[in-house]
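There are 4 protein chains.
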Amino acid sequence: MVTEHTNSQQHLVSGWVEEFRPFSKNGQCANYIPALAEKNPLQLAISIVGPSNNEMKAGDTTELFTLQSVSKVVTFILACMDRGLPYVLERVDVEPTGDTFNSIIRLESHRPGKPFNPMINAGAITVSSMLSGISPQEKIEKILYFLEQMVGKKLKVNEEVFQSEWQTANRNRSLAYYLMDSGFLDCPVEEALEVYLKQCAIEVNVSDLAMIGLVIANDGYHPQLKTQLFPKQVAKLAKALMVTCGMYNASGKFSAFIGLPAKSGVSGAILAAVPSHASLNSPFPDGCGIGIYGPAIDSIGNSVAGVKLLKHLATEWDMNIF
Amino acid sequence: MVTEHTNSQQHLVSGWVEEFRPFSKNGQCANYIPALAEKNPLQLAISIVGPSNNEMKAGDTTELFTLQSVSKVVTFILACMDRGLPYVLERVDVEPTGDTFNSIIRLESHRPGKPFNPMINAGAITVSSMLSGISPQEKIEKILYFLEQMVGKKLKVNEEVFQSEWQTANRNRSLAYYLMDSGFLDCPVEEALEVYLKQCAIEVNVSDLAMIGLVIANDGYHPQLKTQLFPKQVAKLAKALMVTCGMYNASGKFSAFIGLPAKSGVSGAILAAVPSHASLNSPFPDGCGIGIYGPAIDSIGNSVAGVKLLKHLATEWDMNIF
Amino acid sequence: MVTEHTNSQQHLVSGWVEEFRPFSKNGQCANYIPALAEKNPLQLAISIVGPSNNEMKAGDTTELFTLQSVSKVVTFILACMDRGLPYVLERVDVEPTGDTFNSIIRLESHRPGKPFNPMINAGAITVSSMLSGISPQEKIEKILYFLEQMVGKKLKVNEEVFQSEWQTANRNRSLAYYLMDSGFLDCPVEEALEVYLKQCAIEVNVSDLAMIGLVIANDGYHPQLKTQLFPKQVAKLAKALMVTCGMYNASGKFSAFIGLPAKSGVSGAILAAVPSHASLNSPFPDGCGIGIYGPAIDSIGNSVAGVKLLKHLATEWDMNIF
Amino acid sequence: MVTEHTNSQQHLVSGWVEEFRPFSKNGQCANYIPALAEKNPLQLAISIVGPSNNEMKAGDTTELFTLQSVSKVVTFILACMDRGLPYVLERVDVEPTGDTFNSIIRLESHRPGKPFNPMINAGAITVSSMLSGISPQEKIEKILYFLEQMVGKKLKVNEEVFQSEWQTANRNRSLAYYLMDSGFLDCPVEEALEVYLKQCAIEVNVSDLAMIGLVIANDGYHPQLKTQLFPKQVAKLAKALMVTCGMYNASGKFSAFIGLPAKSGVSGAILAAVPSHASLNSPFPDGCGIGIYGPAIDSIGNSVAGVKLLKHLATEWDMNIF
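Residue numbers (my numbering), protein chains in the order written: chain H, 12 to 333; chain X, 12 to 333; chain F, 12 to 333; chain G, 12 to 333.
So here's chain H without its partners, still in its complex pose:
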């Protein structure tokens, strides 16, 4: 029964991918990061993974892409484990801003210049600077190890993408030096940036993304490993941040019309974490993680086709936290 049901659902999901793929034409690949600009804008892929290792996937599922801003959720969780919540919250707030992800204005206009949340670049750079480790390499290894626990395989940094971003990271350098000046950076600027830009360049496919989402959805508990990878409180906090700030300055509309904790990246990645209680009537009644990839993004930075696909899925399957 379950299998049949799943098969028919799988069929539907495959159809939805093709239905929403053409919407990519309303967006374009991030052009300010050379290595991203060359991607095929019409690609679209999705993976949905439940706790009993059940997965549905469709579209360009073997395609590799970089985490970009999706990594911000991962390092935030890691920093909370590493330093403890009070230490982290002293250096980064958890308030949404309504501003673009690379905005610098609030660092000056609000005293004492504490970044507003870990999902905008300023806050994410601060978070990366907090990770323990004596070198950027050690910090990156720590991130990769944490991801390995979640996705079940060793991921790696796409050096070409990293180099591409490193060369053109002037705006992020500006943010980082500002943070350093106001005391909200925990290590030298170039170290923090190296960690930050390398974490952004970690390569995954949609199934990996879905696995990360599943552990977050599951309050930090890994259902296959049967291990609590991070505290429930941190997982709840991460999901709250994904809802209030996860989809750049369209987070409000995403919450209002889709209603799931999600985090996007300018690579076209979207990670969603669907707790069991928010998907009781879906084919994944025990919750799931969702990974989506569609490199054509809108002016705000979210995958055009990816958001449409996720909205359709959430509506059809009645997945909503509200």
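All the pointers check out, no bait thrown in.
Chain copies aren't distinguished; within one or between two, either way the pair holds.
DSS-like cross-link-like pairs, simulated, lysine-lysine; straight-line CA separation at most 30 Å: (1) Lys264 <-> Lys153; (2) Lys50 <-> Lys319; (3) Lys237 <-> Lys165; (4) Lys50 <-> Lys153.
It is worth saying that the hints were derived from the structure and are not from the lab.
We have chain H; now place chains X, F and G onto it with these hints.
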């Protein structure tokens, strides 16, 4: 069994009210609204109402207070019913801002000056201007009738509070004239302000507040009336807005650490809407509405003791949408 | 000799008016004030008046137009005489902003919300509110009497323009209510606005404007009346404000490339005050006042042809305070 | 006759230095630059130099100090000579801002992020990046050579001050990377910063400062060398900038109450350029340059005693451009 359980829980709730009442000393009654400044800052009350008409309440539950910003949720829902979602969303966005509730900056700094969300004053005034009706009185009657359906009794405007706010509404007038100038007001300024300030002055007790919360929690369906008072989609949207923008510029922290859709007012009111799926392990497994009153507010505008009480309750009862 | 010289210069000035008149096509009449939108955009006129009653004029010199923002200099001087400099400076600063004339942002972003200077609308409304008088009419009479002393004839308010602006003054009302809220308004909002909008609607021709400029250039001393109409210190202060803030957010460029104290209005009026020491080599070696009218304005609010004409004149005649 | 007059004036000037020296107590040495923090806050010195090599000086006139922001005027003039005015003005505007000297907000809030003027740090860094030269050293040599022509002796960079600022230049680095990102930097960030911070660390005494002021006052013409060192138009522009933006965000008040083109530095330096036509009744009727040093600065960055001394001098000697 249920009753005994409830009784012991009721006892706990009463204890928590007394435990958190002293925190009021860390806040003070809103002093810029003369009629609110005279309230007893040490008052604290809570009501929790479930769909089977089961209520727990404790503290100063007979005390009457005004809705203030809590009314913003009500009029937003009403405007959506009245005008349809597209009409409303053309005139007010649903993005959080990180700014104070009475901020005017974004109306100038972001083109075309559309207010960012209906939970800040600018957006709420726009919403009030959209309500259909040929006079402020007719619009207020419509709001009161809508509330009557939810709480089961006729509420009324506290004229003294209204007059008090009307006389000192310079900042709100400034916002309203700005909105009028940029085309985001649907009726004359003075009419919109009269509606807005009268809705803020509607008087309730914590049980009334809890009933409103219950209907919102219940996706617009009134469990006693067995009627769908407003569409499910509007209810979900309202809850999303409460999470991203409901607790002024502490909404992010509230979502992060409490995790419930809620809306506060400077009168010290807090309305929370707890969907059933977010309270599966609580004494209210079918969901509930929560009304809290504690007039001593913090610098951001939220009831000091009220927030602490709600946080404790949510933690103890494992109520959380994330 | 002087007469011949003057005649040849007069001839030149007439030629310049025709030379620069076509530049009006690069601008347009202020369209947000209905009564201004109907003006003939190709009109251009200039009057230059020296202390010995010598005047050169050319172009549409009989055309009447309203003072608009040029009135801000006049009421600032009057308020200083009326209330004394310390009183005035406690309520309005004298710093340039780089912002548009009707900007509201700084009233919120800078504590305590004191308007930055009397040449932007916020500051000018505060100044108008400070004028003594028991009614708007009395205050306007005071302004008209002060102007009469300078120009030698009774001026009057163009009621049509006033009514036109009064009906559409939403942005100015927004500014005024904001100022009232933060304590920087000295009389009720509607009174301050009536005075402000009526002073803006006072009608003059270019010769009148030049006479006002002459008295300011002359440090407050009226050369024909042989009377000190206002203190030298106030005149210096007014000229400094005209240089730092007089030409809206093009004041810096105007000072840099023209180098004369000047104030413009959206009616296309420009008033310049040329002290004797800044015009030693010009046909007006004892200084002069300049009035220009060219209703086609640029996006910033300055007369397109008027600025070009004034720049040419200042360059040719070597008039520059720097 | 002249000598006697001068002697009595000299006597007066010496008295004024002692009269205003105690006001230093209302300020303090810039504490964010370690090498400046150690200065004796009670020092005060002035030099006034006229075109016939006549100098009056008083106070701690042998004290050496660094130019800091005063250097911004010098490099702006040099860049205009080097690149031509159109090239320079394409990269930096000439509008005052009302913001603090190190503000970054406008680079984001105003498109396309062109710095508002060359007297704030953002604009000054852009200017330094424009200087021709294949290395920072070559650019600095060019600045030193230009200064040598004006002051008649080879100046040098205080390496200790430079190193001190270089180590702590996070805010300036933030500005520079932002400018690089938006295309308003003409050379690599570290090069531009090295030039900028070295020009800030050039060491002078008050007589040197007065000589620079004299050449600017004199429209670029060096009276002793009898050479036009830079074009008159550039000199006028520099003086206009000093008036609208020279004294940080107190420039408006300085112009209003002192009325002279001046530029200050956080070292406590003030440079004033008094054109002959603005000092007709002073002991320097052919104009003069003024150099002042008083290291105790106010919160805005201007020498407390220095401003008071200059105001007194300007008032007593009737020096004012307005």
